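Taking the hints into account, I'd like the entire structure generated from these sequences.
Heads up, the sequence shown is in the working numbering, so the first residue is 1 and it goes up one at a time.
Hints were generated in silico from the structure; no laboratory data involved.
The structure presented is a predicted model; accordingly, all values stated were derived computationally and were not measured.
Think of the CB as a built atom: it goes at the ideal place given N, C-alpha and C, for glycine as much as any other residue.
Any given hint might turn out to be false.
[Stated by the list, open to error] Ranges of calculated distance between the beta carbons of each label pair, as one might list FRET restraints:
#, residue 1, residue 2, range
1, T330, L174, 24 to 34 Å
2, A12, I465, 49 to 59 Å
3, M13, T330, 50 to 60 Å
4, V47, M170, 26 to 36 Å
5, A9, E396, 52 to 62 Å
6, N213, Q6, 36 to 46 Å
7, V493, K69, 32 to 42 Å
8, V34, K164, 26 to 36 Å
9, A9, P223, 43 to 53 Å
10, E396, L139, 44 to 54 Å
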Amino acid sequence: MQTDFQTIATQAMQFIMPEGILTLFACAALVLDVMLPRDRKRFVAWVSLLGVGLAFASLWILYTSIVSKGTPRTAFFDMIVLDSYAVVFKSIFLIGAALSILLSIKYLEIEGEQRGEYYGLILFSVIGMMFMASSVDLLALFISLELMAVSVYILVGYFRRDKKSNEASMKYFLLGAFSSGVLLYGISMVYGLTGSTNLAKIAAALPIVASANFNPFGAAAPPDMRYLLLMSMILMAAGMFFKVAAVPFHMWAPDAYEGAPTSITAFMSVGVKAASFAMFGRLFLYGLPDLRGSLAGDPASGIPSLPGWALLLGIVSAITIVWGNLGALTQNNTKRLLAYSSISHAGYVLLGLIAGNQTGYTGFVIYLFIYTIMNLGVFGCIIALRRRGIVGDRMEDLNGLMKKAPGLTVMMTIFLLSLGGIPPTAGFIGKFYLFAGLIETGNPWLVRLAILAVLMSVVSLYYYIRFIRAMYIEGETEPQPVTLAPSLRVALVAAAILVIYIGVFPQRLIDLTQKAATSPGLKTYSYQQGATKPAEPATPPPARGMPGERDRQTATPPR
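Structure representation (structure tokens):
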């Protein structure tokens with residue numbers, strides 16, 4: 001019989017080795033920053049990149065040795081799960097971190113801000129993201145979220161002498177703290193109603209709490225607890241809407257994107273968004289699946305039915321797609337334009353959750369993977385425009401780029417067409433699965449939502465073509481040449497190749513994301529039958545991490 005310490009130590013070596021590696025390298029980055037002279041600080045970037053590579057290798061060793069066997073494993077008293085869903089999202093975060101570090105090296109040297117703490121904070125934020133993808137406990141999810149958020153708050157204000165950066169960081173911090181409070185209030189209500197913070201136990205308790213016979217106070221007439229469930233769901237959704245920059249909780253994004261260092265804008269536009277959606281999926285698909293459809297009432301007793309979270313997400317998704325695309329039409333600052341573009345893409349990703357079928361879930365995962373690559377590519381091209389005396393974030397800075405840097409222009413065109421969903425780029429594959437998931441439901445309102453999304457994708461082509469027009473048609477406004485640093489060139493070429501390769505040969509990525517979309521605990525939904533069911537193909541429930549582990553959080557029946 002192992003002791004608790006032995007169990008935790010064994011599981012740490014077995015299940016969270018990638019996070020452990022990143023933690024060691026993040027601490028090493030902070031130490032090296034103190035030890036190295038100013039002209040050798042860039043060495044910290046390569047050390048951090050090595051840490052990301054080792055973490056990625058460790059992750060896939062875990063995948064081949066545990067996850068690919070078919071049965072996910074839980075650890076730390078059922079607070080962490082290692083399944084295909086977690087592995088795919090962790091891969092997204094590590095790829096995004098690696099590309100972001102490569103984009104940052106030359107940019108920070110030009111800005112005179114090359115310091116090891118920058119890379120340490122990126123690694124700490126990635127650690128939070130990775131735990132967000134694998135946590136199946138409300139407290140673990142919230143702590144992971146805050147680890148990521150606090151690191152990114154600091155990174156947004158990394159340029160301490162830049163007033164815009166300071167203002168963006170302060171706005172992001174204040175609104176982020178408010179949204180965390182709202183999310184935590186919803187979490188506390190769910191815990192009070194179900195008696196557990198474990199998502200599987202919450203999902204099992206929800207039908208009991210929502211039933212007409214649930215009477216926790218022993219009252220003569222049982223109270224209708226569905227309203228409290230609905231309120232807790234709305235509060236949790238509101239907190240997550242802020243994290244993914246969905247309307248009407250998007251107001252921080254344009255200012256934060258514009259004021260932050262461009263390399264951090266690139267990182268937060270993909271890493272924070274993907275991690276927040278990973279947590280969104282855990283909360284709503286694993287923890288609150290029975291709140292998707294309407295909560296049944298009793299017409300004979302005059303008890304009305306209540307709407308579920310699918311309706312809320314559908315409305316927010318439609319507004320987000322429209323508002324994000326229309327807001328981008330009038331922007332002249334490229335970072336603000338891409339902020340509104342990012343808002344609209346958050347609306348597209350929500351479509352996968354709304355669809356509730358395997359196609360939608362596959363689109364949900366694959367689009368976040370693709371969006372990470374293509375959006376980092378666009379921001380990398382904008383970083384390349386940063387030269388001495390030229391910020392490079394105005395639309396005019398792109399004028400005549402084809403004459404100065406034809407290779408950079410071609411790569412920028414590939415990324416922009418992919419964002420617009422034009423074949424044969426990867427963006428088309430992602431949007432195809434998202435829209436197909438809605439159409440497969442057969443629900444007329446969801447089909448209309450898919451049509452709206454397609455129409456707004458056409459609208460988005462207008463402002464993406466503005467970039468292309470400036471690069472190919474407009475005359476030069478800055479005679480200063482554009483040169484690519486080796487690290488930046490490697491990142492952009494790798495991203496461009498991936499975007500084209502996935503667009504032409506998408507099957508390998510589709511197979512991988514389909515495994516994530518069929519993870520145990522994730523339920524599909526039939527809009528014709530109005531019921532949830534386990535994801536197909538069915539797989540056994542997650543197994544315990546260690547045979548001798550004792551579950552301290554025993555099932556607590558709803559009071």
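Status of each hint after checking the structure:
1. T330 to L174: 24 to 34 Å: holds (26 Å)
2. A12 to I465: 49 to 59 Å: holds (50 Å)
3. M13 to T330: 50 to 60 Å: At roughly 53 Å between Cβ atoms, T330 and M13 fall inside 50 to 60 Å, so the hint holds.
4. V47 to M170: 26 to 36 Å: Cβ of V47 to Cβ of M170: about 31 Å, so the range 26 to 36 Å holds.
5. A9 to E396: 52 to 62 Å: Once the Cβ atoms are compared, 58 Å apart, the range 52 to 62 Å for E396 and A9 holds.
6. N213 to Q6: 36 to 46 Å: holds (44 Å)
7. V493 to K69: 32 to 42 Å: 36 Å Cβ-Cβ, so the 32 to 42 Å window holds.
8. V34 to K164: 26 to 36 Å: holds (28 Å)
9. A9 to P223: 43 to 53 Å: Once the Cβ atoms are compared, 46 Å apart, the range 43 to 53 Å for P223 and A9 holds.
10. E396 to L139: 44 to 54 Å: holds (49 Å)
Comparing the model with each numbered hint stated earlier shows that all of them hold.
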